[in-house]
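J.: Residue numbers (our numbering), protein chains in the order written: chain W, 462 to 871; chain U, 2 to 464.
Quick caveat, the hints were computed from the structure, so don't treat them as lab data. Model, not experiment: these values are computed from the prediction. Some hints here could point you the wrong way.
Sample of chain W residues at the chain U side, in silico, Cβ under 10 Å [claimed, not checked]: (1) W506; (2) P515; (3) D520; (4) G664; (5) E667; (6) T721; (7) H725; (8) E727; (9) L729.
Using N, Cα and C, we set each Cβ at its ideal position, and we do this for glycine too.
If you want the building blocks of each chain, they are given just below.
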Amino acid sequence: MTQASLLRQITDYANRADPYPLYKELRRTPVLRDEDGPYLVSTYWEIQSLLHDPRTSSDARNLATTGGYGATPLEETSLPPSFIRLDPPEHDRLRRMAMRSFGPPHTPRRIHDMRDALHAIVTDLIDGLGNTDRIDLVEQFSYPFPVTVICRLLGVPREDEAHFRTWADIIAASLDPVPGEDPTERDRTTQQARNELGMYLAGLVEERRRKPGEDMLSELVTGKGPDGTMTTMEVLSTSVLLLIAGHETTVNLITNGMLTLMRHPEVLQRLRNEPGLAVPLVEELLRYEPPVQLIPQRTTIADIEVSGVTIPKGASLWLVLASGNRDPERFTDPDRFDPDRKDIQHLGFGSGIHACFGAPLARLEAQIALTELARRLDNPRLLEDPPPYRQSAVLRGPRHLHFACDGIRP
Amino acid sequence: MTGDGYVEWLKREGRIVIVGASLAGLRAAETLREEGFAGSLTMIGDEPYEPYDRPPLSKQVLLGKASAEHTALPRRRAIDARWRLGVAATGLDMAARRVRLADGDEVEYDRLLIATGVRARPWPRKEEAELDGVFVLRTRDDAVELHRRLAGGPRRVFVIGAGFTGSEIASACREQGLPVTVAERAAAPLVGPLGGVIGEVAARMQREHGVDLRCGVMVTRLEGDSTGRVRAAHLSDDAKVEADVVVVSLGATRNTEWLAGSDLGAGPRGIACDAGCRAFDFRGIVTDDIYVAGDVARSPHPLFGYQFLSLEHWGNAVTQAEVAAHNMISVSVDRRPHMWVPAFWSSQFGVNIKSVGVPSMGEELLVAQGSLAEGRFTAVYGYQNRVIGAVAFDQSRWLQFYQHLIETTAPFPPPFPTVDRRPEGRHPVPADFPDPSVPTHGPTVTLSGYSPADRRLTFTPGR
Ligand SMILES: Cc1cc2nc3c(=O)[nH]c(=O)nc-3n(C[C@H](O)[C@H](O)[C@H](O)COP(=O)(O)OP(=O)(O)OC[C@H]3O[C@@H](n4cnc5c(N)ncnc54)[C@H](O)[C@@H]3O)c2cc1C
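The task is simple: from the sequences and hints, build the whole structure.
T.: Shown next as structure tokens:
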């Protein structure tokens, strides 16, 4: 019997609801050369070390054109890559500049100060859930919440969300490689969506330049730090990145979170009684059901030996974060969801210089959302398990999460 | 009672005494309880406070961002100990297994952990050291006093010594807009731990932040006024700097005097111990009931030519304490070595500095990533063609990788490109330490494993 390669099985939608048995098989070979080209890395310490290895590049231009697949170099005329797809020093400079208006040391309280606002948005959304016989958590809560937040943070009118949702979907979908498919057509569509979203944002940027507000977009446009000011193109690709990241990840974190909690009613009950549990619980979720399952976009700029395998220069690397998170060499009883777990340094936000920029915000959003859902939903229960998933193997999460409850507490 | 039986008894009802109730002492106590020690535990500390954290003292506390009173170390678990705070240990009777205390009391032990750390080396001329306005910075009380004086807006602060602590103090002064002069005997700040090449970067950083930095000079005298307040410092180049606050940052002295006459191998360089934290007696024979951990310990490190390293590093104090505690209540086959790779951090002039390994053993240096000119880089130190240390200025996220190179005695210079190597990083240069240590030639060992329980050594005969 010819069995499809592990990579094809992982990307196969049929395995979306439960990829963990595949990851387990994958870990038997910590560094696996897949027949479709990429090297899959699936164990905790190996992933961790590659994330910190200065011979690992995020810049698609370093990828040898191997006849495999992966990102192709971008056209000169289009929106330049955002810092997530760049190496130092450009990466560092752009990330630093973006960080200035987002977090410490220059804006240390920005996230903290959003607590009340986040709480208010969550409260509104829960108040509006309506008929409790059948609620779709994704449509009615997990999606609108982070989108409202990122729009407000960046200073993008929430009313325009419907426009750019389509672009966001296309761009996010591009992260989801399909083995064997020629990427050219898809890259073109993606680039077009990025450009269109960029054009839309360019309009806002112009407004902010004339009349700056308190939002991040204004700060990115006008901010002057030791690194100078971003060019308009840099502002655009940075805000496209932040907008997409704000759209596509927290949604899954919250949905995966509620799904897991409804599957573990005793933990849900605990969270209701001890809100402080939200902090370790979200960390455990990031380990157990991370919203970003894998990073398919790294490459090597030299031959690297990992776990006895020499990964050649220019190879395409897939770091399977979600698999590393379940590595029994690192975590005892890794398939158990245990918010009391000690010493939990998961790969849910990646690690190294590209470690998730929005992590503090994502954590806070998930903590508030899950605590409030646990507190206010009376006896929530799943109507469908497993729920239908979104297409992406990278940004994995339910497309809908239908559940019922006995009522909404005040 | 011998062997396993003894350890079983010890865990159940033995008496363990820890002298030095600070970072290492506390973490050891927590580990003992964590690992099932149910006997009596006594914590002896000469400071009146429960264990607190020192790194913030020269950083957040001086800036007024944290109060010295609120630096208590977070507790990992209850330790159910008998605390003897505010009383120093003054002697040790190894034969009778007794610690003598300053108040005349004696405490008996079955196992003893010594974690008395170091203290700041004072200004050597006593009458000048006692002038009002002359400070050292090691303790909570020191920090409270110094912060209060800085908050009063002195006209100028004078710092003697540009090591890590001195540089951090200068940085805290500048951040508050206080004029500050730093005097350093070497050619640049941080030369001792990081060498002259990096020292140059540190010097530039200080000057750019408005520090009046005087290198290659010694302070000859502190001058007081008629009321006994300090008012100036005199330098070997005949300069005189008026200042109303002087901070002496001349390194540390190990707290071992109380062990004089005890026959323990304790001296000015610390207490020598084996890799399992068991102290040596003065004949070089290892004891079995006395352990040491933290700044006061000196232990051989296989990765660094079995040199006896004494490290004033926070992380070292924690891991060494954990290993010591584990070994104190384990039979010999279950004991673990303390094979922590040295790592240190500092924060000054808005820059996060981190080092791993032992940079000061380095002969050569290569800027592996970033750029010295930008003040943002990772530099690697080479010793006998292998990687021995690394330091990062505002690039600490890469250090884990270089630590791995150190652990596996990777070749120096590293034979591969990195994502961010600039032209200046293509060739190694002399690291420029004024007084290179000369470790012995010999076989090479490499380290593997991630947790103390599975750290392994691989031995490679001389190459
Ligand atoms: C200002 C400052 C900043 C620092 N910053 C950093 C940093 O950024 N990064 C880093 O890695 N490290 C830093 N360190 C070093 C770090 O704090 C030490 O490595 C750590 O405190 C060592 O812990 P220890 O328990 O071994 O010793 P200590 O913390 O020195 O504790 C020893 C204790 O024993 C007591 N003692 C001494 N003699 C006796 C006696 N005879 N009887 C009873 N008690 C006694 C002492 O009073 C003291 O309380 C800094 C230190 C200082 C002072």
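J.: The structure should be examined with respect to each hint, and the outcome stated for every one.
T.: Hint check:
1. Proximity of W506 (chain W) to chain U holds as hinted, the smallest CB-CB distance being about 6 Å (cut-off 10 Å).
2. The beta carbon of P515 (chain W) comes within 4 Å of a beta carbon in chain U, closer than 10 Å, and the hint placing it at the interface holds.
3. The interface hint given for D520 (chain W) is met, as the beta carbon of that residue sits about 8 Å from the closest beta carbon of chain U, less than 10 Å.
4. For G664 (chain W), the shortest C-beta to C-beta distance to chain U is roughly 35 Å, which exceeds 10 Å, and the interface hint is violated.
5. Annotation: interface hint on E667 (chain W) violated; nearest CB of chain U at approximately 32 Å, more than 10 Å.
6. A cut of 10 Å between beta carbons decides the hint on T721 (chain W): the least distance to chain U is about 27 Å, and the hint is violated.
7. The criterion of a C-beta within 10 Å of any C-beta in chain U is not met by H725 (chain W), whose closest approach is roughly 26 Å, and the hint is violated.
8. Because the smallest distance between the Cβ of E727 (chain W) and any Cβ of chain U comes to about 25 Å, over 10 Å, the interface hint for this residue is violated.
9. With a least beta-carbon distance of about 28 Å to chain U, the hint placing L729 (chain W) at the interface is violated under the 10 Å criterion.
Violated hints, listed in ascending order, are 4, 5, 6, 7, 8, 9; each of the other numbered hints is respected by the structure.
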